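> Residue numbers (the working numbering), protein chains in the order written: chain A, 1 to 128; chain B, 1 to 252; chain C, 1 to 393.
Keep in mind the hints are simulated off the structure, nothing from the lab.
This one's a predicted model, so the numbers in the text were calculated from it and none came from an experiment.
The C-beta atom is built at its ideal place from N, Cα and C for all residues, glycine as well.
All the given hints hold, so there is nothing to weed out.
Straight-line Cα separation of at most 30 Å, DSS-like style, residue types lysine-lysine; simulated pairs: (1) C/Lys200 to C/Lys386; (2) C/Lys196 to B/Lys18; (3) C/Lys196 to B/Lys20; (4) B/Lys18 to C/Lys200.
Which stretches of chain C does chain B cover? Using the computed rule of at least three CB atoms under 8 Å from a CB of chain B, they are: (5) 37-43; (6) 378-390.
From chain C, some residues computed to sit far from chain B (all C-beta separations above 10 Å): (7) Ala100; (8) Ala102; (9) Glu161; (10) Glu174; (11) Ser269; (12) Cys293; (13) Cys374.
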Amino acid sequence: MSNRPSPLHFWRWFDPRARQVGTWAFIINRITALGLTAYLFIHLIVLGQLALGPQYYDQFIAFAKLPVVKIGELAVLAAGIIHALNGIRVALTGLGFAVRWQKHMLYSLMCLAALGIFVVFVKLFLLD
Amino acid sequence: MSSIRWKVTFIITRQRSKSKCYQQPFLLEVDPDEYILDCIERIWAFHDRSLTFRHACHHSTCGACGMRVNGVEKLTCITAIRSVTQDGGTVHIEPLRNFPVLSDLVVDMSTFFLRLEQVNAATVLPLQEACLPGEIKDQPVIESGQYERLVDCIECGLCISACPTALTSSSYQGPATLAAIQQGCQPGNQPFQILLADHEDGVWRCHSAYECSAVCPSNVDPAARIMNLRRRILTQHIRSLFSRQPEEAKNE
Amino acid sequence: MSLTNKPHVIIIGAGFTGCATAHDLALRGFDITVVERGEIASGTSGRTHGLLHSGARYCVNDPEAALECIEENATLRKIARPCIEFNGGIFIALDESDLAYADSFIEGINSCHIQVNELKPAHVLAQEPNLNPHILAAYAVPDGAFDPLRLALAFAATSKENGAHFLLHHEVQELMVDGQGNICGVKTWDRHADRKIDIKGDMVVNATGAWAGQIAGLAGVRVPVIPTPGVMVAYNQRLVQHVINRLNVPGDGDIVLPQRRMSVIGTTSFTVEDVDYIPVTDEQIRLMYERACALVPAIRQAHQRGAYMSARPLIGSSVQGRSLSRTFKCYDHQESDGVTGFVTITGGKATTCRAMAEKTADLVCRKLGILAECRTKEMELTSYRKFYLYGYS
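Could you build all of it, start to finish, from the sequences and the hints given here?
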């Protein structure tokens with residue numbers, strides 16, 4: 001088992017025995033960032049398709065109403081909310097403000113995020 | 001210390017240099033108030049003389065005995081058995097992460113020490129400079145001269161071991177070095193240290209995991225110092241944007 | 001092992017004695033290999049109280065040691081400044097017995113030329129509010145506190161800069177003997193790689209302190225070292241800035257010293273047979289706690305951070321324990337036992353490690369017919385971190 005630092009060791013970030021919430025926030029920010037970036041490409045591809053003609057618009061709406069796509073949308077919005085709110089915390093503490101309250105900020109912002117995600121869920125699945 | 005005795009199994013991750021690592025269990029009778037390092041020393045003295053480990057002062061001033069206890073970085077000379085396990089329990093002992101292992105629990109911390117040396121990390125400072133900023137008002141005010149003390153950072157390496165960025169990047173300066181830069185620099189001074197800090201492998205590589213401050217046994221609070229250093233560096237940049245002369249003088 | 005024409009000296013033990021001797025001999029132009037079964041200062045040296053003695057403690061009962069201390073105190077402050085917290089020390093008298101000691105104390109201190117100032121108790125309490133308020137008399141002396149590992153590392157780093165090699169985690173198991181019965185090297189066990197390594201040398205220096213008797217036994221000679229441990233307890237608050245000593249004959253638990261954010265109380269004195277592991281007992285910790293509270297009552301609000309024990313190497317005679325001199329001794333085993341190629345240096349205190357090294361290096365030079373002056377009194381030690389400059393050994 002090599003102990004030298006290496007990017008290939010990133011899976012060790014997930015060792016739960018020694019992790020502070022700060023690291024989980026870092027991991028979640030990374031994953032949501034990757035997810036949002038991937039979404040951005042998909043979004044651009046879809047937009048490109050729509051530009052090809054009006055018949056593609058109806059196809060797209062039918063596609064967008066599929067449950068799996070709605071779940072995907074929920075995931076994207078959740079990722080966006082979490083990333084944005086944690087991002088506020090990272091921006092503030094990363095410049096030396098309120099570092100002492102980084103954990104408090106994380107907990108309260110994630111509660112806000114949960115609330116936001118719940119609202120999105122209701123709008124997507126319960127109201128039509 | 002009391003006369004209670006617990007039976008605790010220590011599972012030590014062992015390795016001869018350049019060989020595969022393996023785990024070796026040792027069953028010990030321990031006093032729950034004694035320290036992990038005492039038990040490791042007993043294992044060496046009475047069970048297996050081939051066990052290698054680093055230690056010197058046994059009271060958290062030398063920083064030599066850092067290891068991972070049940071996966072968490074600890075200074076084993078001040079970690080009581082009671083705080084990590086119970087009667088009949090198991091304690092996993094592993095070497096620190098992110099340093100090459102020489103054998104068993106001994107890791108090679110040369111790069112770490114050399115980074116600190118490169119930034120001239122202070123070893124003894126006046127009380128008002130050695131403490132955390134929030135503690136300055138509690139320091140004794142003396143009539144003549146100043147009291148000094150050895151600084152908080154005992155160079156134990158627990159912060160590097162715990163840092164997820166140090167896990168994946170060998171060029172990252174690390175929390176201890178950046179904290180030392182923050183402690184030693186006045187704004188505008190120490191341009192070399194600021195150059196090292198204001199760099200992609202310096203303060204900007206930190207991703208706010210805060211593991212370092214959580215495991216530091218010595219009140220250094222490296223995370224807060226890194227963030228404070230960022231603020232100072234940015235303030236310097238902004239100031240130099242608005243006052244042309246220093247820039248021009250630099251360019252001459 | 002020696003690739004040059006320089007004589008090769010093997011030093012067993014990398015505590016204060018071994019590291020300081022390596023530094024002295026390296027400066028005098030020798031090829032040095034230090035062999036240590038543990039880490040730098042992982043034996044007695046690491047677990048020393050950390051008191052940079054002014055010598056005042058010994059000025060009455062052991063003036064020889066006191067004189068050594070005050071001289072080396074000044075030297076270490078010059079050559080190893082980064083390892084030392086120098087805030088001075090105070091001797092306080094808390095009862096009649098202490099007061100009665102004051103006269104001989106002042107006499108002793110003056111005859112040893114140790115700087116001393118009498119302080120008014122009110123003045124002391126203003127500077128050190130956490131002290132026992134019933135101070136009857138107080139004297140300021142130039143005591144300090146040092147970091148044990150870093151002091152040893154500073155000597156080691158400087159010697160490495162001058163070409164010394166360190167083989168840590170190498171345990172000496174036997175001494176090499178040539179056809180004529182001279183000691184010509186050491187047989188070691190490299191504990192990292194679990195293999196045996198033989199090292200030849202022109203002289204072997206036994207600098208193993210409390211283990212000196214054991215290692216001397218490998219050469220078939222006797223060194224009268226009496227391992228005499230003492231317990232230290234560290235509390236998690238820095239309650240005093242000066243080193244606080246009880247004004248009386250040296251006894252148990254009469255020194256509290258500050259170090260980083262801690263206050264460390266020490267110590268006791270008793271003899272043991274097995275030096276490899278000495279347990280800390282409840283009664284010793286309780287005794288230290290009581291004595292600490294007598295000097296600094298605020299310790300009651302602090303928590304124990306660490307408790308540890310290690311063995312002083314006291315040089316034996318018919319006298320016991322605290323009355324044994326704290327001074328050091330070099331043994332030329334050719335003279336005393338007819339064994340060539342082997343010397344032992346043991347005894348002493350951390351504060352006098354440089355002087356011990358000087359005497360040892362003088363002896364080694366004499367035996368090998370080398371004329372070289374000691375330069376360690378003036379030369380500032382390099383940064384201790386530079387020990388790792390050439391990779392970890």
